[in-house]
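We have chain C already, so just place chain Z on it with the hints.
Each chain is listed here by its residues.
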Amino acid sequence: MLKRLGSLSRVLKSRSDFEQGMTEELRFHIEQYKDELVRSGVSPQEAARRARIEFGSVGSVEEECREARGLRLFDELGRQLRHAVRLLSKTPKFTATALVTLAVCLGANLTIFAVVDAILLRPLPFPDAGRLVTIYNSYPKAGVDRDGSSTANYYERRGTIPAFAGVAIYTYGTAVVGATGSTELEKIAGVSPDFFSTLGMSPSMGRSFTDEETSFQTNKEVILTDPYWRKYFAADPHVIGRQLRVNGESNTVVGVLPAGFRFLSSSARLYFPYSSSAADRSSSERHSGGNSKFMIARLKPGATLEQAQAQIDAQNRALEANDPMAKMVADAGFRSVVVPLHADHVAAVRPVLLWMQAGAFALLLIGAVNVTNLLLIRASGRAKEIAVRRALGASRWHVVSESMVETTLLTLTGGLLGLGAGTFGIRLLSMLAVDRLPLGSQIAVDSRLAAIAVLGSAVMGLVLAVPIAWFNLRGQLNSAIQSEARGGTPSRAAQSLRHAFIVAQIALAAVLLTGAGLLGASLEHAMAVSPGFRPDHVLSAQISTNYPDWQARLAFNHRLLTDLASQPGVVAAGAVNNLPLSGDSGKSAATAVGHVPQPGESPRGNYSYGVDGDYFAAMGFTLLDGRFLTADDSRRSTRVCVVDDDFARYYWPHTSALGQRLFLGAEATTDSQAFTVVGVVGAVKQAGLTDLTAQGAVYYPYALRTDPRLSIVVRTSLPPESLGPTLQKLVRQIDPDLPVNDIRPMDARIADSLVAQRSPALLAGIFSLIAVLLVAVGIYGVLSYAVAQRRREIGVRMALGATPGQIRSQFLGVALRLLVAGTILGAVGAWLTGRALQTFLFQVPPLDLVILAGAVGIIGVVSLVACLLPSQRATRMSPVDALADL
Amino acid sequence: MAKPAELLPGTLDMLILKAVSLKPLHGYGVLQRIQQISGNALEIPQGSLYPALYRLEHQQLIAAEWGVSDNNRRAKYYNLTAAGRRRLREETAGWNRLASAIGAALSTTPEEV
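Protein chains in written order, with our numbering: chain C, 1 to 886; chain Z, 887 to 999.
Do not take every clue at face value.
What the hints assert, rightly or not - Cut-off 27 Å, straight-line C-alpha distance, at most; resulting in silico cross-link-like pairs (DSS-like, lysine-lysine):
#, chain 1, residue 1, chain 2, residue 2
1, Z, K904, C, K34
2, Z, K962, C, K34
3, C, K729, C, K327
4, C, K34, Z, K909
5, C, K90, C, K384
As the list claims (entries may be wrong) - A short, non-exhaustive set of chain C residues, derived as facing chain Z with CB atoms under 7 Å:
#, residue
6, T23
7, E25
8, F28
9, H29
10, E54
11, F55
12, G56
13, V61
14, C65
15, A68
16, R69
Claimed, not checked - So these bits of chain C aren't anywhere near chain Z, every CB distance computed over 12 Å:
#, residue
17, G21
18, E24
19, V42
20, S43
21, G70
22, L88
23, A314
24, S336
25, L409
26, A493
27, R749
28, I766
29, R808
No wet-lab data here; the hints were simulated from the structure. Where a beta carbon is used, it is the ideal one built from N, C-alpha and C, also for glycine.
In isolation and in its complexed conformation, chain C is listed as follows:
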C-alpha cells in the first residue's frame, strides 16, 4: 500500500510528464508497427491505417493506462472539482451567500479558538511544562482564599519535599532603571536562584543567580531578558559583567535570557535575585505571603500532584508543632494548596472562554444549517437531472462524491476566507482587552491555526454533504420526473428537513440572544453599583518612589500633596498605598482590643490601607462618625486609624467604634503599638464592583502602614484628565527621576475593572447579531424557494379566485408555525443556558422573562420581515405566467 502511495505521489508530482511520456510511447509503438508493415510491402497510407486499427482506440488505452497507475480517482476528482466550480459560478448569489455565511461563522470560531488555544490548550513554553505546579497558602475561614507563599515557606520547602525536583519563589515589582536624567520605570521580577532551573531552562548567556546573591547586601546582580538586552545593550555579546544602574545603585549583568522567554503573563524585562533577610526567613514569617510572593515547583518524573500535596501537608503539620501562630492559622482553615501552574494561571478565564467558544460554535451551527438548506434547495432544483443520470448508470458513489466535492469546495473556500476574517477578529479582540487575559498577548494567527482552519473546514464540508447526498440518493427517477410534470408538491421529506433546520436555527439564535441579553443586563447591573465613593472628577496616578527611608517618602508625599492642593481647580489631594478596585488589594489581619472570638469564629482578613493627605476627601468617601485621617496624622505618626462601617459593625456591633483600639496584625502586642479609631467611613467596593462580601477595611496613616507603593488621587473641579500634565510637572520638580504611571480618571479605572464582564457581553452581542441576520437569510431563502416551487399551484388558486391576502397568509402561516416551534425550543435552551451562566451573572435570574421576550421579539420581527418579501412576491404572481409553465 505504501509503495503504491509512493508511486502515486511520484506520478502526481510529474503528472504532465506522465501524460507526455504515455502519448510518446504509444505513438512510438504505432509508428514502429507502421514501419514494419511498410517494410513488408504495404503502402505507407495503408500501413498507417492498419496500424491505427490494430492498436485500437488510443484514448481508451490511455485511460486504461491511467487507471492502471491509480490515477483514475484523481482524474475523477479533478472532473468533479471543475464541475462544482462551474455549477457554483453559475449561481453567484447562492455561492456568495454561502461563502459569506461560512466565512463569518468560521472566522468567529477561529478567532475564539485562537484565544482558547493560546490560553488554555498550548502548554507553557517550558520543557515538560505539565509538571510545573504552584503552591499557595489559603486561609478560607478568614476570608482569604489565596495568600501566595512566604519566604519562610520557600526556605523550609527547598530540597525537603521529595516529590519536587525544584522549588522556587518569585515576586513582581518595578524599578527605576538608568542614569540620572534618563531613567525609565521598568517592570521587574525577583526570582530565587533555582527559578530558571525549576522552569527547565537556563540563561542563554551567563548564569543564574547564586545563593550568595540573595541577601540585601549582596544582591546587586541582574539578568536581562532578550528584548532588553537588544534594546539597551545593542545585543552586546560581551554584556556579562557590564553595569546597569537600578534604583540609583550599580548592578552587574550576570546573564541574558533566551529570546522568547516569557514567564506566564509577566512583562518583566529585568530579573533580580529574590532577596530576603534572616528575619524574613524565620518561622515567625511563615504566614506573611501577602499575595505578593509566589511559589513554583517542578514535580519529579513519576511524582504526582497528590503525593506533593500529601508531603506539603505533612511538612506543615510537623512545622505547626513549634509555630506560635499555629492555633490562629488552624482556626483560619490554613492549608498550602498544590495546583498545576498552567491550569491555575488561567483558571479564572477558562469558563468564560469556553462559553465564548460555545457561543461561536452555536453561530457555526446556525450558519451550517443555512448553507445546508440552501444546498438542499439547489439539490431539489437538480433532482430531475440527478435522477436521469442515476438511471443512465451513474453510481451511488459518484453521486455521493459529487456532493462531497461541492460542499468541501465551499467550506474550504469559506474556511480560507474565515481565516482572513479571523485575523481581523483577533485584531478586534485586542480592542476588547484580550491581551490583558493571562497569557493573552500570545494570541496570533499562525500555521497551527491555519491548519486547524483547513482541517475544520474539510470536516465541515464532509458533514454538510451528508444531507445533500441523502437527498440525491433517495430521489427516485419516477417520482422526480412525475413531480416535475405534475408541478405538484415538493418532496415532503426534504421539506420537513428544511423546516426542522429552520426551527433549530431560530432556537439557537434565541439562546444566543438571551445569553447576550443576560450578560448585558448583568453588566448594566454591575455598572449601576455605587463604588461607595464619588469617582467623578478624580484623577489618579501611580508613582514609584524608591527612597530607602520613610522620612524621605513622607517628605516627598507632603511636598507633592501641598503643591497639588495649591493648584487652581484642585479641591483635595491625597495619597494611598493601593487604590480600591485596582485588582491587587491584599487582605491582612487586624486584632481589635476587647473582641473575644466566639467558639468556632475564625480570624478575619480585612483590607488595610495607608493613607496620606486628604485621601478621603479626594476620593469622596462618606464620613459616618468622628473624623477623616489628615496629613498631620501621617507626619506626626500618631497611632490613629479610621475603619469602615463593615469593620465597625463586625467588631463593635453595639457600641460606637470611636475610641476603640486595635492592632495591625494577627496578635495583640504591647499597648504602645495599638491604634485608636478616630473615625468611621462608609464601606467602599474593594476587590470589584460585583464583590458582595463585606470584608471590612482599616485605614492607617501612610507612615505606619509600611507598604512602599504609592498612588495619588486628586479631586478637581476641572475635567480630571487636564490635570495630568500638572501632576507630572510637579513630580519632576521634586525629583526628576521619579516616573509617574497610569495617569487615569478614577471612573475610567472603575469602568476598566468591569472588563471581565464587558468583553464577553460585547462578544455575545456581536454573535447574536450575526445569528439573527443568518436566521433572516435562512428563512428568506427557504420561503423564497417554497414560493417558487408552488408558483403553479398559486397560479391555479389565483385563477380560481383566491385573494392575494389568502395567498400571503398561507406562507406567513408556515413561517409563523416555524417561529413558534423554534421559540419554544429556544426558551427551553435559554433557560438551561441561563442556569449554566449563573456564576457569571450579577443580580440577574437565570430566566429573565423580559430578556427572553425581547429576544423572541427581535427574532420574530426579523423573521416576519424575512418572510414578507417572498410572500409578497407570491401575491404579485401573474396567474397567466404561472400557468403557462404547465
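Structure of chain Z alone, referenced to chain C:
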C-alpha cells in the same frame, strides 16, 4: 501455420515479465519478443499491452527508463526488478504445476481410472 491461440486470462503479465527478463525492451519490442518466443503461436491484442505494462510498473515488478531505439528514436525501455524476477519465478513454477496437472488429467486413459 495454425491460427494463433487466444491468451488465457492472467497470462499476459507472466509473458511480459518473461520477455523483459531476457533483455530490456520497449513496448513494441515486448510484443515482438512474446510472438517470437512463443513461435508466433500467441496473439496479443496490441491495445491491451500498455495497460498491463503500466500496471506492472505501478506494482514495481518492472522498471522503465527512457532510452534510444535501434532506429535512433526515443523509446521507453522496461526491465525486470528484483521483485519482478521473484514474481516471474513463482508464476513460472505455478504455471508448470498447473500445466502438468492439467496435462496429466487430460492424458488419463480409461485403464488408469
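For this structure, which hints from the list above don't hold up? 3, 6, 17, 18 and 21
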